[in-house]
Structures are given as structure tokens and as C-alpha cells.
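K.L.:
Taken in sequence, the protein lines are chains A and B. Using this note's numbering, read the first sequence as starting at 1 and increasing by one per residue. Using this note's numbering, read the second sequence as starting at 1 and increasing by one per residue.
To be clear, the hints were calculated from the coordinates, so they are not data collected in a lab. Glycine included, every Cβ here is placed at the ideal spot set by N, Cα and C. Don't take every hint at face value.
So the derived label-pair ranges between C-beta atoms look like this [stated by the list, open to error]:
(1) A:Asp462 x B:Thr190: 48 to 56 Å
(2) A:Arg11 x B:Ile175: 55 to 63 Å
(3) A:Gly293 x B:Thr112: 35 to 43 Å
(4) B:Ser212 x A:Val143: 28 to 36 Å
(5) B:Gly136 x A:His87: 54 to 62 Å
Calculated cross-link-like contacts (lysine to aspartate or glutamate; reagent style DMTMM-like; alpha-carbon spacing at most 25 Å) [stated by the list, open to error]:
(6) A:Lys201 x A:Asp220
(7) B:Lys331 x A:Glu331
(8) A:Lys93 x A:Glu135
(9) B:Lys323 x A:Glu387
(10) B:Lys263 x A:Glu123
(11) A:Lys127 x A:Asp113
(12) A:Lys137 x B:Glu320
(13) A:Lys382 x A:Glu460
(14) A:Lys343 x B:Glu320
(15) B:Lys189 x A:Glu135
(16) A:Lys364 x A:Glu339
(17) B:Lys263 x A:Glu139
(18) B:Lys189 x A:Asp220
(19) A:Lys136 x B:Asp148
(20) A:Lys308 x A:Asp275
(21) B:Lys215 x A:Asp75
(22) B:Lys215 x A:Glu260
(23) B:Lys189 x A:Glu139
(24) A:Lys501 x A:Glu260
(25) A:Lys383 x A:Glu460
(26) A:Lys137 x A:Asp75
(27) A:Lys310 x A:Glu331
(28) B:Lys323 x A:Glu105
(29) A:Lys315 x A:Asp349
(30) A:Lys486 x A:Glu460
(31) A:Lys449 x A:Glu339
(32) A:Lys343 x A:Glu140
(33) B:Lys331 x A:Glu231
Looking from chain A toward chain B, a few residues come up when the C-beta cut is under 8 Å (computed) [said to hold, decoys possible]:
(34) Pro73
(35) Ile91
(36) Lys93
(37) Glu98
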Amino acid sequence: MSYAIEMRQIRKEFPGIVANDNITLQVEDGEIHALFGENGAGKSTLMNVLFGLYQPDRGEIYVHGEKAVIHDPNDATRLGIGMVHQHFMLIDKFTVAENIVLGREPKKNGVLDMKEAVKVVRELSEKYGLDVDPEKKVEEITVGMQQRVEILKTLYRGSDILIFDEPTAVLTPIEIQELIEIMKRLVHEGKSIILITHKLKEIFECCDRATVIRRGKNIDTVKISDTNPTELASMMVGRKVHVQVNDAPYNPQGKVLEIEHLNVADARKVEVIKDLNLTVHGGEILGIAGVDGNGQTELIEAIAGLRKTKSGTIKLNNQDVTNQRTRKMIEAGLGYIPEDRQKHGLVLDFSIAENMVLQTYYQKPYAQMGILQNKVIAKKAKKLIQEFDVRTPSEKTHARALSGGNQQKVIVAREVDRSPQLLIAAQPTRGLDVGAIEFIHGKLIEEKKKGKAVLLVSFELDEILHLSDRIAVIYEGYIIDIVSPKETNENELGLLMAGRKKGGSEA
Amino acid sequence: MGTEPLFEKGEEIMSFFEILTIIIPSTLLTAAPLIFTSLGGMFSERSGIVNIGLEGLMAVGAFAAAVSTLGLEHSGLGDASPWIAILIAGAVGGLFSLIHAVVSISFRADQTVSGVALNFLAAGLTIFLVKLIFDGKGQTPYITHNIDKVDIPGLAKIPFLGPLFFQQVAYTSYIAILIAILCWFIVYKTPFGLRLRSVGEHPAAADTLGISVIKMRYIGVLLSGVLGGIGGAVYLVTITSNYNVTTIAGQGFLALAALVFGKWHPIGAMGASLFFGFAQALSITSQQIPYLDRLPSVFMLIAPYVLTLIVLTGFVGRAEAPKADGVPYIKGQR
Ligand SMILES: Nc1ncnc2c1ncn2[C@@H]1O[C@H](COP(=O)(O)OP(=O)(O)O)[C@@H](O)[C@H]1O
Ligand SMILES: [Mg+2]
Numbered sequence: 001m002s003y004a005i006e007m008r009q010i011r012k013e014f015p016g017i018v019a020n021d022n023i024t025l026q027v028e029d030g031e032i033h034a035l036f037g038e039n040g041a042g043k044s045t046l047m048n049v050l051f052g053l054y055q056p057d058r059g060e061i062y063v064h065g066e067k068a069v070i071h072d073p074n075d076a077t078r079l080g081i082g083m084v085h086q087h088f089m090l091i092d093k094f095t096v097a098e099n100i101v102l103g104r105e106p107k108k109n110g111v112l113d114m115k116e117a118v119k120v121v122r123e124l125s126e127k128y129g130l131d132v133d134p135e136k137k138v139e140e141i142t143v144g145m146q147q148r149v150e151i152l153k154t155l156y157r158g159s160d161i162l163i164f165d166e167p168t169a170v171l172t173p174i175e176i177q178e179l180i181e182i183m184k185r186l187v188h189e190g191k192s193i194i195l196i197t198h199k200l201k202e203i204f205e206c207c208d209r210a211t212v213i214r215r216g217k218n219i220d221t222v223k224i225s226d227t228n229p230t231e232l233a234s235m236m237v238g239r240k241v242h243v244q245v246n247d248a249p250y251n252p253q254g255k256v257l258e259i260e261h262l263n264v265a266d267a268r269k270v271e272v273i274k275d276l277n278l279t280v281h282g283g284e285i286l287g288i289a290g291v292d293g294n295g296q297t298e299l300i301e302a303i304a305g306l307r308k309t310k311s312g313t314i315k316l317n318n319q320d321v322t323n324q325r326t327r328k329m330i331e332a333g334l335g336y337i338p339e340d341r342q343k344h345g346l347v348l349d350f351s352i353a354e355n356m357v358l359q360t361y362y363q364k365p366y367a368q369m370g371i372l373q374n375k376v377i378a379k380k381a382k383k384l385i386q387e388f389d390v391r392t393p394s395e396k397t398h399a400r401a402l403s404g405g406n407q408q409k410v411i412v413a414r415e416v417d418r419s420p421q422l423l424i425a426a427q428p429t430r431g432l433d434v435g436a437i438e439f440i441h442g443k444l445i446e447e448k449k450k451g452k453a454v455l456l457v458s459f460e461l462d463e464i465l466h467l468s469d470r471i472a473v474i475y476e477g478y479i480i481d482i483v484s485p486k487e488t489n490e491n492e493l494g495l496l497m498a499g500r501k502k503g504g505s506e507a
Numbered sequence: 001m002g003t004e005p006l007f008e009k010g011e012e013i014m015s016f017f018e019i020l021t022i023i024i025p026s027t028l029l030t031a032a033p034l035i036f037t038s039l040g041g042m043f044s045e046r047s048g049i050v051n052i053g054l055e056g057l058m059a060v061g062a063f064a065a066a067v068s069t070l071g072l073e074h075s076g077l078g079d080a081s082p083w084i085a086i087l088i089a090g091a092v093g094g095l096f097s098l099i100h101a102v103v104s105i106s107f108r109a110d111q112t113v114s115g116v117a118l119n120f121l122a123a124g125l126t127i128f129l130v131k132l133i134f135d136g137k138g139q140t141p142y143i144t145h146n147i148d149k150v151d152i153p154g155l156a157k158i159p160f161l162g163p164l165f166f167q168q169v170a171y172t173s174y175i176a177i178l179i180a181i182l183c184w185f186i187v188y189k190t191p192f193g194l195r196l197r198s199v200g201e202h203p204a205a206a207d208t209l210g211i212s213v214i215k216m217r218y219i220g221v222l223l224s225g226v227l228g229g230i231g232g233a234v235y236l237v238t239i240t241s242n243y244n245v246t247t248i249a250g251q252g253f254l255a256l257a258a259l260v261f262g263k264w265h266p267i268g269a270m271g272a273s274l275f276f277g278f279a280q281a282l283s284i285t286s287q288q289i290p291y292l293d294r295l296p297s298v299f300m301l302i303a304p305y306v307l308t309l310i311v312l313t314g315f316v317g318r319a320e321a322p323k324a325d326g327v328p329y330i331k332g333q334r
């Protein structure tokens, strides 16, 4: 039997790094095949080779048993290969239908036939159960729908081998379930799927086999029914993985952060934080649980000095810091791991070394009399890269070239190294693999042990339950309740997050 | 006397209509070169290539138009000369724009720098050639067959509208407006337009769909050269009639401003060009207009530029620009 896709001994180098080192991948007809590996293992690179975006330095590709040379995405498309990219390839200002037909537009006498395009998209979307609105602009639709548009793009081109590059990283839990249903339906319709992910749960829910790669090398290809999550996880990181649990004794110390009667408005001037009160002590991790959009973003931005408050006070170490400038906040002892690492955490076109000193570059020893001491900065960066296990060719590499997990490690290294009194960690492990998650969780617990205050904001209940000493549930802009992780469960938290307090009373 | 105020009022109404019959045709005349050139800029920037070089492209076009009209007149082509010259200027502008294309698309140099270089090169090269061709003179002789202001047969006779829109106008103004509509159709109603815009918004996305980013951008810049060259030529054959170093003096930058003010939309660019044309028309015709003729003429001369500044600072945000405008495309960059 021939494989739908066979990639033999693929090698691809980037300056300073071998992203794919003789990787072999065999995908059977009609299966969902997981490509599993840590951030930066080389998964996207391998798929970009298959899709013709990168040329391999060595190796061969066979499609349905026939040797294929894939120079560009056109070749891949002709061979029936379609890709849903990790970072969506959609044009915001175009409509859904325009995005789908772009490059293969229906025409009438040489003129765009958008009516036909909309019709075709409707038909496709009904056939595969992919709900989209063809006439809406992409900038107006949800991330989940954007992803369905990406899938429709490949189906419109008649692809029968679909590559999904970390499709679930950007989705809500419900959307993830929907996507899994969609993938099962696609396979049922005769498609083959390569699913890139580092979430074990998804693999065990829908995949037939998995190929594990680590640091650019093949580790193994296994049948999912013959393995278990622990085994697969340790295959991925190359050692046993431990779930980090906050088991250090809870000894709350003095108040580090005190928020009283805080009111904050969002960009549309709607009040999204309403009379919020919260205290975080030294030596504790306070987890904020809540459904996305209940004021979490605005709350941490207000604490970090990035958003003006309307009223109320914020005290850091007994010092009133309400509406202080961010630099003052940082100097007063604030560390901040922002929600969006690419937008707010890093300057992507700066080197790692430069990113490491973004808050301290003007201080000694990084600057002397207004002149940057690049040697000192490089030395510091090298030390942090080592200590925080950032996988990069060198400290001079631009942050843009790192994988998501390694970008996050740069931020964590920078923030934790300054040893701030208060560390805000907003979605610190979103999109990361288990190895990186384990590492970052360990760092947060370490900070707590040092007697620092940690404010953790996360949509992942597991994360909140594992790490927090106290859990504050935020609902519609105020703290509806504070519970202890030992005395609660996902169920109760879920109810609180939906605005129902103990005893069934509606809040 | 009881009748006098009435009489005065009637005279004012008359003179206001007269003012319009002076200003509107003049607006149409000065707007035409801006319309062509801003449409050119639209194609370039929609494909993702910033084109500061419009000024230079107009200069090259005006120079080519002057020289070829003189040549064609000489060989006895008469009234057809300026029209053929406009086409030649379009070709020359297209060729000249290839410099910008190669430097900024193939070599991915900074597009602003490349555009500025184009402007310097155009100014230097055209004057050098003028001196070479015309025995060391700093300017070309005047062409004798320019495109004149005429009354459009038939339409000019329509009461009220005729004197406003169809008397004392050049055909080039109407052609410019028709071309703007054609450009709108091309950009918004054809597969080519969709692809051009996709490349200016998100080149990586276009690339994954098999659209050649390089090819589309070359076409965009080439069209800016052709239309910029035509714009300069129209300016020469309808307004100045000879070429020297000050001929274009800011027209290309005004066209660029019109493109921004028009939010990179063909019809918007046309509208903005008409507005800037109006501002220039005011300053040219102010001496014939009651009240305005009493203002020091320097105010009227700077008016178009002051208006431009006010409009650009007050009404436009960068947010409207094509997203990838000015960003070189490197395959596989993250
Ligand atoms: N375009 C590129 N230029 C330089 N290095 C790259 C590029 N793309 C990926 N890399 C590097 O190659 C390695 C593999 O990256 P990638 O394939 O994106 O990993 P994954 O998708 O498994 O997270 C990483 O170390 C990354 O930094
Ligand atoms: Mg990846």
C-alpha cells in the first residue's frame, strides 16, 4: 500500500540551526496523523517544506506513491495538499468569499463574479458543515470562524490532504470540540489530515497515529491505541514530565498589592471593572479565574499602569501607585508577563539580548553615562538564556525568529530575574508545550517560595487549580468570590464564573 | 432709490455664476494631471510599494512630452502631436519607474529612499538632456500645438451646465475622470484588482495561494510610472507648454497627498485631486474674482499647499493605508 504522503529523510537548515534533521513522515490514506513535538521542534518547518514554502536541503517527498517536486504552494495545491497555517493567512479587509476564491476567482467575461463565489462558498460550507458568513469581512468574524475560512480555502482548491498547524492554540474549548468534529467529518469524506499539536488531550481524542519529533529529529511513530499520554509526553521532551503542583506551604506575609473600589473603563468607554477589591500577599499565588472578557485584561493593564483608572486606589507595598507611569511601577517592584507576548512582551525585531534589558537598559551596569554597554548586556543575556533554557542559536538572534515557547521563556527570564515584589502572569503558558509549561509553572512557584506575590490570570482551570493558594473568581468586572483550591472543584468554579454564588443564588 | 438694491443683488447673482464659470473649468484643467498621477500612485501603493517618486515620474513624463511634441510638430503631425506625445510620455514614465521597481522589489531597498532617489534622478537627468538637446539652454522651446481649452460641441450649449462644465475645458480632464472610473472597475471588479490588493494587504497570504507577489508589485509600480508619466505630460501640454526644472514643482507631491486624502481609493483619489485642483484654480484665477483680488497674491499662491496640509493633518489617519504598504516581502519570514 502506498502512503498518502511520504516524506523521506528531510533536512532543512536555517542559519545556525538544523530545524529538520533527516525527518521521515508517513501518512496513511484517510487517517488523522498527529505531528507531535515541543515548541521549536521543527513541525512547522517540515510542513512548510511539504507545502512548498521552504525548499528542503535534502530528502524526497512522495504523494500517493509518486515522487513529487514541490517548488511553491501552487505545486502543493495541484497535488491536493492544503494547509491551515498557524498564523492565519487571511486578509482582514476582504470578505470571507474573497479570501476563499483569491487566486482562483470565478469570472464572467473577465470580470469577478462575486455572486458565484458566494454561492460556491455557501455550498461548500453546507457540504462540510463549516458555518461561515461569506459576505462578512474577515476582521468582523470570530477566530473560530476565521479558521473555518482557512479550511474552506483548502477545500475550495480540492485538497484531499489537509495540514493543520496548531489549529487549537487560538480556540476556546467549545471551538476546539467543534474543530475535532469537523476533522472527523473531513476524514469521513475521504480526506487525510496531518494535525500539528502539542496538546495530548486532542491527540487521544481524534488521532490514529502520531509521529514524535524532538529538536529536529525523528523520535518515533506510534499508534495512538498502543500508547498513553505519559509515554507520549516523555517521548516529546526526552525525559519524564512532572506536573508542577504548588505544594509549598502557604505562609501569607504582608500585603503587596491592595486594590480598593477600582473602576476602569475599556476602549469603548464602557465600565468593565466595577468596584473591584483585591489583596495579594507576599508568599502567595493568587489565581484569577474567569471567562474571557470579564475584565481580566483591563484589570491587569490598570495595575501595570497601561490603562487609566476612573476611580479607586491601587497600592503596591503600601505606596499609592494609582495611574502611575509604567516605568515608575516597574521601579516600584512590578513584574509583568503580558497576555500577548508578541505585541506587548517583546520587540520582535530586537535581539534577544536587547529584549532582556527592555526595562533596565538605562540603569547601571547596562548603561554608563547614557551609552549602552553591549558587552555587559550580551553577557547577562547569555546567562539568562542558559538559566531559562531558551533554545536559540545566540543572544543576537531576533526575537521574531524564536518559536512561541522560547519567546515566552525570554519574557519570563526578564521578569523573574528582576525579582519583582509583585509578578503578574497573564496567560503565561498559552500555546506552550508541556515541557515549557512545566518550566514556567516551576518558576512561578519558586517566586512564591521567595516570598514574592504572584498574580496569575488564566482561562485554563487546571492551571489555576494546580498553582493557586487562593482563587479569586472574576465575573462582570468584580470579584464574585474567593475560594481555596483545596475546598473547591471545577464544577463550583464553573458556576462562579457564570455568576452563580454558592447556594444557588444568582449574583 | 427703491430700485437700486434690487439691481445690485441681481448683479451679484450674475457675478457668482460668472465666478463659477471661471473656477470650475480651471479646476478641471489643473486637476487632470493630479488625477492621472494619483491613480498611478494608487496602483503602486495598493500593491504594497510606497511611491514617493511620483514627482520624478511626472517630471520625466513632462520632459518626454515636451521633446516629443516638438519633434512630432517638426515632422508635420500638427494637432495630433501632443496626443501622441502623451502616449510616449506614458511609456517613458513606465520605463523610468522600473528603476524604483528593481531597487525596492527585487533588492528590497527602503522604498522611501528609492522614491526620493527617483525624484533627484529625474530632475538631474531631464535638465541634463535638455541642455544636451537644445544647445545648452536651461529649458525647452515652447510647443506650438498644445491641447487647447475648447467648447465641447453640443454639450457646451446646454443652458447653465454648459458654461460651467463644457466650455473652455480640455478633453484631457474628461479622459482623466473616465480613467479614474476605469481604475475603480479594475481594482474592485476584476480578478487582477483583487490580487493586486491582496498583495498590498498580506503578501504572505497571497503567496500561499499561488499569487506571485513580485509580479503583481512590478505591475503596480509599472502602472504608476505610466500614469505618472501621462500626468506630467498632460500638465505640460495643457498648462505650461515648455519644460524646465521648475515645471513640475510639487505637482507629484500634491498627487501623492491626493492619494492619501482619497484613502487609496481610485474615486477618492480623483475627488481629492479635484479638490486640490480647485485650490490651485483659486490661486490662479483669484485676480479675476471680486474680493479675492484684494488679498495679497502670496496668500493665494500658498493656499493650495496650506489647504493640503490642513486636509492631510486633519482628516486622514494612517490606518487606511494598505497594510503591507512599504514593507518588502521576504518569503518565509516570520
Ligand atoms: N524562517 C526561519 N528563519 C530562521 N529560523 C527559523 C525559521 N523558521 C523556523 N526557524 C527555527 O527553526 C526551528 C524550528 O521551528 P518551527 O518549525 O517553527 O518549530 P515548531 O513548529 O515545531 O514549533 C526553531 O528553532 C526556529 O527558531
Ligand atoms: Mg509551529
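K.L.:
Please go over all the hints and tell whether each is borne out by the structure.
P.N.:
Structure-based check of each hint:
1. Range check, Asp462 (chain A) to Thr190 (chain B): Cβ separation about 52 Å, and the 48 to 56 Å hint holds.
2. In this structure the hint that Arg11 (chain A) and Ile175 (chain B) lie 55 to 63 Å apart at CB holds, the actual value being about 58 Å.
3. As the Cβ distance of Gly293 (chain A) to Thr112 (chain B) is approximately 40 Å, the hint placing it in 35 to 43 Å holds.
4. For Ser212 (chain B) paired with Val143 (chain A), a C-beta distance near 29 Å keeps the hint of 28 to 36 Å intact.
5. For the pair Gly136 (chain B) and His87 (chain A), the supplied restraint of 54 to 62 Å holds, since their beta-carbon distance comes to about 60 Å.
6. Using a Cα cut-off of 25 Å, the hinted pair Lys201 (chain A) and Asp220 (chain A) holds, with the two alpha carbons roughly 19 Å apart.
7. Between Lys331 (chain B) and Glu331 (chain A) the alpha-carbon distance is near 41 Å, which puts this suggested pair outside the 25 Å criterion.
8. Using a Cα cut-off of 25 Å, the hinted pair Lys93 (chain A) and Glu135 (chain A) holds, with the two alpha carbons roughly 12 Å apart.
9. With a C-alpha separation of about 39 Å, the suggested pair Lys323 (chain B) and Glu387 (chain A) falls outside the 25 Å cut-off, and the hint is violated.
10. A threshold of 25 Å between alpha carbons decides the hint, and for Lys263 (chain B) with Glu123 (chain A) the separation of about 35 Å lies outside it, so the pair is violated.
11. Between Lys127 (chain A) and Asp113 (chain A) the CA atoms are separated by roughly 21 Å; this keeps the pair inside 25 Å, and the hint holds.
12. Note on Lys137 (chain A) and Glu320 (chain B): the hinted pairing holds, with a Cα-Cα distance of about 15 Å set against a maximum of 25 Å.
13. With a C-alpha separation of about 32 Å, the suggested pair Lys382 (chain A) and Glu460 (chain A) falls outside the 25 Å cut-off, and the hint is violated.
14. The hinted pair formed by Lys343 (chain A) and Glu320 (chain B) meets the criterion: a straight-line CA distance of about 21 Å does not exceed 25 Å.
15. This hinted pair checks out: Lys189 (chain B) and Glu135 (chain A) have alpha carbons roughly 15 Å apart, not beyond 25 Å.
16. As the CA atoms of Lys364 (chain A) and Glu339 (chain A) are separated by approximately 29 Å, the hinted pair breaks the 25 Å bound.
17. Of the supplied pair hints, the one linking Lys263 (chain B) and Glu139 (chain A) holds, its CA atoms being roughly 19 Å apart against a limit of 25 Å.
18. A C-alpha spacing of about 51 Å is found between Lys189 (chain B) and Asp220 (chain A), which places the hinted pair above 25 Å, so the restraint is violated.
19. This hinted pair does not check out: Lys136 (chain A) and Asp148 (chain B) have alpha carbons roughly 49 Å apart, beyond 25 Å.
20. Simply put, Lys308 (chain A) and Asp275 (chain A) have alpha-carbon atoms about 15 Å apart, close enough for the 25 Å limit, and the pair holds.
21. Between Lys215 (chain B) and Asp75 (chain A) the CA atoms are separated by roughly 18 Å; this keeps the pair inside 25 Å, and the hint holds.
22. Using a Cα cut-off of 25 Å, the hinted pair Lys215 (chain B) and Glu260 (chain A) is violated, with the two alpha carbons roughly 60 Å apart.
23. Distance hint between Lys189 (chain B) and Glu139 (chain A) is fulfilled; the C-alpha atoms sit about 21 Å from each other, no more than 25 Å.
24. The suggested pairing of Lys501 (chain A) with Glu260 (chain A) holds, with an alpha-carbon distance near 22 Å, which does not exceed 25 Å.
25. About 31 Å separates the Cα atoms of Lys383 (chain A) and Glu460 (chain A), which puts this hinted pair outside 25 Å; it is violated.
26. For the hint linking Lys137 (chain A) to Asp75 (chain A), the alpha-carbon distance of about 29 Å lies beyond 25 Å, and the restraint is violated.
27. With a C-alpha separation of about 23 Å, the suggested pairing of Lys310 (chain A) with Glu331 (chain A) holds against the 25 Å cut-off.
28. Our distance criterion of 25 Å between C-alpha atoms is met by Lys323 (chain B) and Glu105 (chain A), whose separation comes to about 22 Å.
29. Of the pairs offered as hints, the one joining Lys315 (chain A) and Asp349 (chain A) is violated, with about 35 Å between alpha carbons and a cut-off of 25 Å exceeded.
30. Between the alpha carbons of Lys486 (chain A) and Glu460 (chain A) the distance comes to roughly 17 Å, so the proposed pair stays at or under 25 Å and holds.
31. Taking the CA atoms of Lys449 (chain A) and Glu339 (chain A), the gap is about 24 Å. The hint holds against a cut of 25 Å.
32. Of the supplied pair hints, the one linking Lys343 (chain A) and Glu140 (chain A) holds, its CA atoms being roughly 20 Å apart against a limit of 25 Å.
33. As the CA atoms of Lys331 (chain B) and Glu231 (chain A) are separated by approximately 38 Å, the hinted pair breaks the 25 Å bound.
34. A distance limit of 8 Å between C-beta atoms decides the matter here; for Pro73 (chain A) the minimum to chain B is near 5 Å, and the interface restraint holds.
35. Because the beta carbon of Ile91 (chain A) sits about 5 Å from the nearest beta carbon in chain B, less than 8 Å, this interface hint is met.
36. About 6 Å separates the beta-carbon of Lys93 (chain A) from the nearest beta-carbon of chain B, less than 8 Å, and the hint is met.
37. Interface hint at Glu98 (chain A): satisfied, since its Cβ lies 6 Å from the closest Cβ of chain B, which is below the 8 Å cut-off.
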